[in-house]
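Participant: Sequence:
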Amino acid sequence: MTEDSSIIYFVRHGECMGNISRKNLPPDEAVLTENGKLQATLLGKHLEDVKFTLAYASDYPRALETAQRVLAESIVSSNLELQTDIKLREKFLGIFENGTEISTMLRGLIVSKKDFLDYVPEGAETREDVERRIEDFLQ
1 MTEDSSIIYF
11 VRHGECMGNI
21 SRKNLPPDEA
31 VLTENGKLQA
41 TLLGKHLEDV
51 KFTLAYASDY
61 PRALETAQRV
71 LAESIVSSNL
81 ELQTDIKLRE
91 KFLGIFENGT
101 EISTMLRGLI
111 VSKKDFLDYV
121 PEGAETREDV
131 ERRIEDFLQ
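Residues 1 to 139 (this note's numbering) are what the sequence shown spells out, left to right.
Be a bit skeptical, because a hint or two may be false.
Here are the computed lysine-lysine pairs in the DSS-like style, where the Cα-Cα straight-line distance is at most 27 angstroms [as the list claims (entries may be wrong)]: (1) Lys114 with Lys23; (2) Lys51 with Lys114; (3) Lys37 with Lys23; (4) Lys51 with Lys37; (5) Lys37 with Lys114; (6) Lys51 with Lys87; (7) Lys45 with Lys114; (8) Lys114 with Lys91; (9) Lys23 with Lys51; (10) Lys87 with Lys114.
What the hints contain is simulated information worked out from the structure, not anything from laboratory work. These numbers come from a predicted model, not from an experiment.
Can you make the complete structure from the sequences, with help from the hints?
Facilitator: Here it is in structure tokens:
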């Protein structure tokens, strides 16, 4: 690797209450479970020697806590300021937000005969919306 190159680590949040309940819970309810907290801490231990120069997370509590736990285990980056950006949020699922059973969403996806990224429930973000949001963040 050259001096002017970078490595980017993408981390998904640890297990959250939405994973356990099999529902698409609102962000303030989809907090990390004890297992999710352990997952984040263990990932931090695994990456403890990585010298992070920047750290970002979405503003969702599960993402913030995951990132905080990873950084807290760092030997070389524990004092790094974690920055939040709403552009890092997951795809907004419109009518399937706020407590919808995952099975209900899957039925809609199957009926649509589309790939998950191309499936656009009423009021949801499109694939292009998400791509633009991420591209904007990376600028």
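Participant: Checked against the structure, which of the hints given earlier come out wrong?
Facilitator: Structure breaks hints 2, 5, 7 and 9.
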